[in-house]
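Protein chains: 2
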Amino acid sequence: MNRSRAARAPRRLHLNVNILHSGFLPSAWRPAGSDPRAFIDVQHYIRVAQIAEAGKLDAVFLADNAAIVDQIHFRPITALEPTVLLASVAAATRHIGLIATASTSYNEPYNIARRFATLDHVSGGRAGWNVVTTADLASARNFGRDAVPDHAQRYARAAEFTSVVKALWDSWEDDAFIGDQAAGRFIDTAKVQPVAHQGEFFSVQGPSTLPRTPQGHPVLVQAGGSGDGRTLAARHAEAVFSASQSFEEALAYARDLKSRAEALGRGPEALRVLPGLTTIIGDTEAAARRRRDELVDLIPWDYSLARLAGILGITPDRLGLDQRLPENLPLPGGGNGNHTFFNATLATARRRDLTTRDLTTRELIRELAGGGGHRVIVGTPEQIADDIERWFRAGAADGFNLMPDVLPDGLQAFVEGVVPLLQRRGIFRTDYEGPTLRDHLGLARPPGRSAESAAA
Amino acid sequence: MNRSRAARAPRRLHLNVNILHSGFLPSAWRPAGSDPRAFIDVQHYIRVAQIAEAGKLDAVFLADNAAIVDQIHFRPITALEPTVLLASVAAATRHIGLIATASTSYNEPYNIARRFATLDHVSGGRAGWNVVTTADLASARNFGRDAVPDHAQRYARAAEFTSVVKALWDSWEDDAFIGDQAAGRFIDTAKVQPVAHQGEFFSVQGPSTLPRTPQGHPVLVQAGGSGDGRTLAARHAEAVFSASQSFEEALAYARDLKSRAEALGRGPEALRVLPGLTTIIGDTEAAARRRRDELVDLIPWDYSLARLAGILGITPDRLGLDQRLPENLPLPGGGNGNHTFFNATLATARRRDLTTRDLTTRELIRELAGGGGHRVIVGTPEQIADDIERWFRAGAADGFNLMPDVLPDGLQAFVEGVVPLLQRRGIFRTDYEGPTLRDHLGLARPPGRSAESAAA
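Protein chains in written order, with this note's numbering: chain U, 1 to 456; chain E, 457 to 912.
Calculated directly from the structure, the hints in this document are not laboratory data.
The reader is advised that the hints may include incorrect statements.
Said to hold, decoys possible - One-sided and incomplete, this derived list gives chain E residues near chain U with beta-carbon spacing under 7 angstroms:
1) 642
2) 643
3) 666
Even for Gly, the Cβ is constructed at its ideal location relative to N, Cα and C.
Assemble the whole structure, with the sequences as input and the hints as a guide.
Shown next, in the form of structure tokens:
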């Protein structure tokens with residue numbers, strides 16, 4: 001019923017903001033207007049979330065790492081644990097969705113089910129869980145391992161983990177709570193049942209300690225680039241953060257993922273594809289490019305070269321700043337490489353400029369706004385709105401996971417400049433239409449166990 | 457230096473409130489003024505915390521269970537995960553300390569170190585971690601185990617776990633953060649070092665992802681009743697929630713624990729002993745007793761009998777409501793019984809009344825306000841203040857972990873009635889003297905690695 005209502009409604013654009021501490025650019029903390037301590041300051045995250053809410057965005061998104069995985073002598077990292085941080089943000093906001101990343105490789109499903117259910121309860125139905133499998137060695141070594149579990153193993157664990165978490169979220173039926181003070185009946189225990197899961201990775205008896213959450217399930221988010229990632233996303237994800245550099249690639253990705261989901265019996269409205277998008281905004285395109293170049297110039301070139309080399313799987317000495325990329329780059333190996341970022345980076349490098357040659361490494365780093373594999377648009381609000389509208393209307397994206405260059409002011413510029421254009425063009429909401437993240441994303445509330453039994 | 461300052465300051469009483477959802481009484485959700493949904497309503501926890509803050513209490517405390525461990529057909533349980541819940545409470549309060557329970561048996565030290573460090577950062581230095589080892593079978597079965605690990609094993613793991621967490625909290629020196637925007641120097645990486653822990657239970661490389669927290673370490677709390685528990689508390693705990701029914705027992709416990717801590721080289725100011733205390737307040741003693749009996753009468757007697765039998769380690773059929781407790785009760789066996797609650801319950805049962813006989817089971821259940829093993833005072837604000845002052849001045853307690861009968865109104869009555877008396881008698885603060893939980897508890901900030909090296 002929810003599903004058909006959603007299908008009848010006009011298709012709407014969805015926008016999240018990825019609060020990557022000071023912003024997407026590794027140098028975002030350096031301009032005079034930035035606060036270097038922002039990465040550990042809850043007030044920074046609250047301020048960004050409040051700007052996002054003023055702009056009627058769908059959600060804020062927090063990445064996570066279970067180790068130091070970047071060069072902190074020069075730049076901030078994701079430091080604060082996202083579920084705890086977003087619970088504070090929840091108390092200072094009313095509508096904005098709250099998506100936190102947590103790893104299936106270094107947690108237990110019972111704990112993750114409870115933490116995200118709690119976030120959904122305390123936020124009145126605004127929680128989302130970004131499911132990651134954590135591919136770096138430094139994280140593995142913080143959890144008793146000498147090596148990263150291989151790709152297939154990590155995704156097998158992630159699939160079972162996610163199923164157990166969903167079962168725990170459904171272990172209380174929606175109407176299990178009675179709360180009859182006069183009769184002294186608190187819970188209908190017939191409606192609270194074990195999950196009794198016995199699998200390859202986990203044995204979990206259940207039930208959860210928690211009544212079903214406002215959203216039924218917190219929204220499941222995934223970043224499915226690899227084959228295993230797409231399989232997991234097609235099965236479970238309700239929003240997917242992809243990394244597509246080109247329109248064609250994005251269109252192919254969205255179609256592939258949605259057809260995989262439909263093959264698994266999920267409806268066409270079950271899934272939102274939201275490519276990453278870094279925005280660098282200026283009053284003119286030239287001003288925006290100046291802003292970008294000033295920010296990129298504040299990044300040590302050695303750092304940018306090392307980062308690019310890391311994505312390409314080569315040593316930095318093979319890169320010359322004013323040369324083109326080497327030919328015959330090795331494909332990411334061992335099942336653990338990040339194919340998505342590799343391909344995206346290569347696509348940018350081979351995007352011919354006006355002189356019809358490949359970009360030099362220096363030009364490539366500028367185009368990538370320092371690197372990271374996500375698409376960068378540098379331009380005026382009008383140019384950015386045009387690009388967003390084109391991708392959205394063609395179905396290359398249901399929306400975007402925004403990664404502003406610098407926070408909060410890059411988001412402020414987006415909300416003041418781009419959002420009103422998208423609203424005027426009729427593709428973005430002018431106000432929230434419901435209290436939950438599912439309402440914002442137009443996702444149906446999962447029916448839960450009792451409704452399933454009734455339907456069977 | 458901090459230590460000697462603390463020693464010179466007048467000794468102050470410390471008061472936490474245990475937000476046990478609707479209150480300590482299993483029937484606390486049933487009176488007309490109570491909200492049955494309080495146990496999953498963040499606004500309830502915020503309201504209680506704000507009342508505690510208005511009363512200048514030290515902290516709110518949240519218990520936790522990783523399974524349903526009580527009879528939910530009749531009563532609420534600890535449902536929401538405490539660190540996430542308290543992060544929301546943090547955003548709605550300014551001074552009150554925030555102590556969350558987390559288990560060392562079913563978590564990883566790296567994750568716990570990050571979550572509590574995050575809570576300390578987002579609250580501006582108000583976090584505390586109550587370290588528990590989780591003794592129930594239902595929890596074990598949610599984490600792949602068929603049996604509860606034995607007592608000694610659990611405490612050995614807890615000791616190693618706590619040491620690793622503290623090492624991670626110290627893995628960044630206090631001045632590792634630079635944040636020099638002009639020079640582009642973000643962190644002094646020489647001051648961020650691995651912990652490189654290899655132990656019996658854990659292998660953790662570190663460092664943490666997080667700068668040292670406002671408190672250095674979140675405050676370490678423990679409830680050390682057994683021998684192993686006291687050893688762990690003496691080594692690590694800065695606040696101990698004990699369960700003492702009698703003044704003599706409390707005095708002996710506090711002396712034992714402090715001498716154990718001193719034997720380990722910790723100063724006399726390193727540790728606060730805070731027995732649990734349920735308060736049932738009335739304008740007259742008779743009114744308070746009526747309130748207690750009405751609340752106890754709202755608990756099914758079968759439930760109270762089963763609960764009491766559970767603490768005593770016998771089957772409920774051995775208890776007659778109007779008979780005294782059976783003789784020759786078995787001591788809690790297998791190293792997993794809760795000796796503290798057993799002894800406390802027995803002490804109450806054998807507290808002779810005016811007719812110099814032991815209490816009947818019904819009378820005992822009334823005295824225990826439904827059970828649970830913590831001490832109950834039923835009386836006027838004056839009577840409660842007298843009792844608190846006596847225990848405090850004699851050194852039987854440094855303060856109390858309050859468990860009001862019904863929340864929030866039992867706490868409101870305490871803050872309005874008892875707190876002003878304690879303030880007038882000069883043993884309780886009239887305002888907060890600093891921003892952190894350590895400030896409230898008069899605990900020194902742990903010096904961290906660089907200061908230790910400098911001292912060596």
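Now the hints, each set against the structure:
| no. | hint | verdict |
| --- | --- | --- |
| 1 | 642 | 6 angstroms, holds |
| 2 | 643 | 4 angstroms, holds |
| 3 | 666 | 5 angstroms, holds |
In the structure shown, no violation is registered for any of the earlier numbered hints.
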